[in-house]
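*Asks:* Both chains come to you apart, so use the hints to assemble them.
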Amino acid sequence: MSNEFHIVVCGSIVPDPLQTLEPVQGAQGPELKNEMMLPAVLDPWAGHALYEAANLAAKNPGSKVWLVSLGPKAKLQQVMMNIAQKVPFELVCADGSASGFTDSFEVATVLAQSIEGIQGLDKSKLLVFGGWQSASRGSGAVMQMLGELLGISEQFQGVDKLTAGDDGSLEIMERIEGGAYQVSACNGTPAVLGWATGELPEPPNNPQVGMQNMRLVMPALQQAKPADVVQGSSLAFAAVELPQQRRETRVVKDMPVEDMAREIVEWLNS
Amino acid sequence: MYTLRTLPGDDVRQIMWRYADRYDLQMSVQSARGIARTVVAKLVAEGARNTHEWTDQKAELLTAFDQSGLTALFMDPHQGGFIEGPKNLALALAAFELAWVDGGAATCSLATNLALAPIHEKGTPEQRDTYMGQCVPPQPGEDREIRRGAFALTEPLPYIGVDTGVMCGKVRVAEWNDEDPILEVDKRGRFITNMDFANFVTAAVESDDERIKSSCMIILEEEDEGTYDRGAPTLKMVHQLSSTRDPVLKLRVPASRIIGGFEIKDGTIIPKYSHGEIIGSVFHRTRIPVGLMTMAKLISAVEPVIRYHRKRFQGGDAAKEGTPRFDHGIQMNEDALQRLVDVWASGEAGCSLGFAASRLADAFDPIEKAKEKLFEEQGVVGPRKQMMALRKLKDTVQEFVELEHLPESERDAARYQELKDDTLVQFAYMEALAGILNPATKLWCTGVGATVMREAVSLVGGYGITEDCPGFLMQKWTDAQLEATYEGPEAVQRRHMSVTMTSDVFQATVSAWIGQLRRVESDNPGMGAEATASALELWQWTLNHLQNTKDAEGRKLYHNKRQGVTFPMADALGWLLGPYYLILDILELKEKGAMNPVLADGIDDLVAFYMDMANVQAARAAGEAARICTELVYGFANGAPEGVEPFAGLKAKVDAGMAGARLSKDRAGKALSGVMIPEALDYPL
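Taken in sequence, the protein lines are chains X and R.
So that you can map any letter, position 51 of the first sequence is 795 in the numbering used here, and since no number is skipped, the others follow by simple counting.
So that you can map any letter, position 220 of the second sequence is 227 in the numbering used here, and since no number is skipped, the others follow by simple counting.
One chain only, chain R, in its complex shape (with noise of 0.2 Å):
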């Protein structure tokens, strides 16, 4: 039996989420965590979010972003940043940190860097340069004032929510002249993040006039002529750090301002990107941090819910001091303790899940890029030519899939090499699997998170849904649920994973994932690998079968309109992503931790500890996963499907994989119950 000496700390983070050579990242995860824990919490504590107003307190938080140097980490180098290259990760864990005391926070962090992630992914490089340079502090001899922007996407009135082809803001041309013809756009903004105090909107606006081709995406400024109307305050109840208003916003703008730039084609106004175009290549990556969001909350749950059960008694008449009562609390119970491994597990494999999304995304921006400039070069202009282009080569990039995922001994290093090194190969191979993670991250992270986070909250019994309970768990709770709908509400996510989870290329992936995890049980067994196997076995096989299957009326099981079969697929699918890099982690902190100093010395029990979490976690999604893929095969049939023989077969794989997950509960559970704690909380109340 071991034993879990202490909580995780950033050595065992910065291992598992592959930082621990990256010291910007260290920095940026030690500035976040400063302000999440000082400024934030006080903000908190004080009642801050009793108000839907933005106050002079809250913009506390704008000041303590500045000073951190969080404001500055979108930005590259020369424009007044400090990490040169992709930020997805660095985003990522700066908002983990500051969600890991308040959601909001994390949403205002990050709210200037959406207004702008549009500018940064489509826009000329004047227009980078310009906004981007504008709105990092002032360094020592500048003088001027810090800028802020805010995002405002399509959200129609009266209602809420992402739906790309619903547009409420026009543009039309005021004034003509060939260099750069005056436009007059009409926007009414809802739920607009940061409209308390942006001095910029960079808005989603359709053509009302026949001079203006489609749609594209705008740069509005409070200096504009016209109405710049930040509007009423939205009333939402939760998030209440983050400012949200309905503004209102009527200006005459020249159309350079158009994002991404313009041409003038016979009398007409051509952008560069429709507003489509640049909300895809932001959204791409922006769900990921949301989802993060969520899991910071419940591992941040832990250490107060443990805390809150050892001293129970305490303090009363209810247990005198030295009994196992007063020093164990509700500890002695193993409910207490499994149910919190339960909340733990989740929340690590939404981190692992999440953090390989952010690392996958770092690594596609370049390869983004120099895809582009190889078909420019090539002359395979158009998405209908490059999506023919890249078909060409779907062997092989199913070659390389499978090579990824062998054992190095195993594998032709040099035709790895090649494939590796072969940018149309990796371009293809990493767009599968982020059309994959980014929205599953979203999706299961909040949606998941959310409900988990109900049971963190009942675990603090009726202490937890008042304000006197440690690490603010009934805010985080409700926090979760608007997190659910951020960058597009939960079917959204699905529908997105319903189109992309059909690839050729995913569904290799999924092939080799399986081989990857069978050869882990073989050598690491006990950490749920096995079952994970077998539920993507069963996932892949129920897909194959929907796809070529009629219900028992002669419809088509598997169809673009039938979300009672589409969806549920997309979600199993999110229960086992989670596990499968959850597995990957931890192999990666038992080679790892091994050469750390820090964590040499225990690694071995710390190892064991999350074998055993990650055994509990797999068996639950592995569990939920088969419950889904059972109902979808025979559900649609009346009577006993005919064909499914092999599924009972595969079904039976499943259930015997979670072989000794139970065990592995009773383990963690009770490792928790001799965890050593923080005297003090590590925020305040």
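For reference, chain X alone in the conformation it holds in the complex (with noise of 0.2 Å):
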């Protein structure tokens, strides 16, 4: 027997890792420097939480996920080109900053709202998914903050596997300290799961998939309704910077390894 879930996933953009990132004094509050013209990634902790939200609606026939974004929706619309590939979802939009200069609570509500206003979604079989971090402004609050708008006590934070049972309960593998894991039995939906990492690796493109998505993806981000998380925002940033940190390289070929473990720790302990 299987469980029909309707899965909420809630990830958005952040500034490829690659880029050089620099905040900057803008006029709403601080911004990263030409931060529209930096090209952009899925949240990798948001991605996570996808791909196990779409494993888990492939096992449970009758299951649909959506993923509910908060970002600019010109830089959502071209990482949709990659991440639609991927696996089947709808997207749900609001338009509004991904920088990371916004505030917990503020992001929280703007996605309780797109939440509830899903047409269809069946709160009673509700797993509201996201990234227990995020490569922009790793708060860790916005999860819960989300799961206490909607109503939904149930939450577990850092997921590395959930399994469901025939009868719809829940058993869910969150990380505590040390490395060790703490196992949870929970009777069913609604919940909310925070992903860490998870157990799956990307899934392979599959441009007929794409294809589907994007056109409900493309409405949904010529849809999309603004979403003012800065403007409004009772909080205020005294100062922004990067963390004063350089990097040092070398290139060394052909280095043992020991001798590379050695440096790295002689670096640790300096």
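These are calculated hints, taken from the structure and not from any lab test.
Cβ coordinates follow ideal geometry from the N, Cα and C atoms, glycine included.
Incorrect hints may have been included.
[To be verified] What the simulated footprint calls covered on chain X by chain R, stretch by stretch (three residues with Cβ under 8 Å from a Cβ of chain R suffice, anywhere in the stretch; the number is not a length): (1) 772-786; (2) 925-937; (3) 943-956; (4) 1000-1009.
[As the list claims (entries may be wrong)] Quick partial rundown of chain X residues pointing at chain R, CB under 8 Å, derived from the structure: (5) T764; (6) K819; (7) V995; (8) V996.
*Replies:* Given below as structure tokens:
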């Protein structure tokens, strides 16, 4: 027997980690220099959550996956060209900043409103997935707040594995201190799961899935409602700066791994 | 003075190359890029290019192509693909992305498509669906191996090259029956891509039996009875990420494998298409991606060169932190910046030309099919009758050409629409244009591109020819040489152009371009429109002069056999096409970029930079074209030639059209010194 899940994955974009990020003071608070021109990728934690959601939905016929994103819609569109080829989902988009200079509560509020507005969503079957952390600003608070706003008290963070029983129950493995796991039993939906890395690799592209997804993604992007999570926020930044860290790279060929390990240990201990 | 904030990204490219509204193409770009900058870059960095043999390591490429969806890019949806309709632009974009890292990987990706192209263009519906369907990765629930193909042309041993008139493959009847005779095919291939793993070969063969007429292309499978020897690996020094061998094939196959089918008349097998007809229709389109592969090398060189220049003096005692020498390195000097502008501008111009050719090929495909259908309905059969029917439309086509290049507000909209809807008019116009753009893309982009790539390598000094050089610039430079010979060496492209560029329709098009560019110049000065227009005018005058003049020894100047005249004129035209299409692309960027939420903020600066690059390239191209024209007009006379007074005036206009080009180069170079580049390379060493 299978279960039907309505899985909402919350995830947005972050600047490509290869880019130089420089905080600057914009008209509405801090922002990244040339933010709109920086190439973006799906937040890796959100990616894990999305692939786990698609896998769960595939195993349980009748299930459906929505990806709820708060981000600038033009940048989201570009990222979707890649992500939409991976797994089937329906995009729900709120057009706003994804810079990381946003207040967790404001973000959670926008996401909750977006989820509430999804046509045909059955809250009794609802699993809200998201990243435990984010590559843009890992406050680790959004998912908890979102769960509270949606009235879902079953919450799990740092999830690496979810097993659904035939009776609709859920077994969830969460990361805890020291590389250990906590295994919890949950009677069933609704629940909020903040994913760590999960156990699934990035799925290969399937352009036919992409073509199907994009037919819904494009209208969703065009109809995205503006979400002002910066100007309307009570959050104020006194100052923002990049961590003062210098990369000192040496190119050394044919160095034995033992010597590499020794150098790293020496560096850590220094 | 403007600022170039970052290197142009997808938003810019999508507008300039006109696929902003095609999410199927944007998906393909992302897929190809994902492979290029991971699997392909890793293979190159690990030294996979150091062997001629196809290895398990190299075979990772095939898996990556399958998993990313690139293998299915060439197929129609009912065959397992995902794009309906022509796919020239899609294939060009994918090749561009792969060649951004490695040209051999791009060739490997395109090779199965090349094997399928004869079947796609001229095969029977059954042949098409069978072989195209076998070459897409299995769908969920399917249990089958994916098949791959190789394309064996007419390369005679021992040399290589595309001379379609010299055939080394033979076909004869082995067993006669009236339904499906069994044929024996004897084909020795050379330089055959994909041959290490190809399950089938589409081979060009000629009749060695009076019961078979002429020549054909035929499909050979590895399971066929006889010898399917993959042969020795070709010892090529470039493009090692594509498999290349010299196979020996001696197989018995049914005649139903003849591509396009056949009929039996009076005891003779008559193939529907000769090998020449099939190759002609295939090469019409497949030349374009190869030209763009070389252009990808030039644009991909920009970031690594900037990175090298800026960090040149860091890490030693040569400069103290915080000094201009430390921060800007070699970019403190004008020369390094301006030479890089030259490389970049060449790449942009070549891309504008190549992608324009791809888009034209996509538009031309359905028109060509509609033309065939229309002529069939009208009973106009055979190339000669069709040519005569099209010739009657000459004036109407020229009328369309003029309307096409007028601003919308100045043309008769009803008449324009009427001619736009006329299949034969559209066919005649597009055929004339494709007859120039396809060989010109291949000729200029790979030929001049290889030379410009040498400049890019030299900008990284001795580091450029080391394995540590970021961007694999040395490999790209040498790869470009092979690309210049793919799908016909440069002489083939020049020969093609020397025939097509004299057509009335194309000459009318050049005249229309000149008028169009002059209007652009008045509205958008400083982007090289005047220099390009004047150079085209000079080229057109020269062509006309050469066609009606004899040399000092009384021999005709513009003649089929006189390649010392016709070929340089093709080269001159090749130079001018890039700036023309770059200017059009920049106008598109100016208009559409302002409406793009990502670009709107910095669009004026970005367009200003591109206009300066176009101006630089236009001046260079006009100079090259003018030099060639001058040599041809003056070089065949003893002393001062007669009747060339107008030439001097036109040439003076070309010179004057270069006004401000060096200031443009100053500005563009300065802008490069401030552009933000990523912290790390976009693909690893």
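*Asks:* Of all the hints given earlier, name the ones this structure violates by number, lowest first.
*Replies:* Of the numbered hints given earlier, those the structure breaks are 2, 4, 8, listed in rising order.
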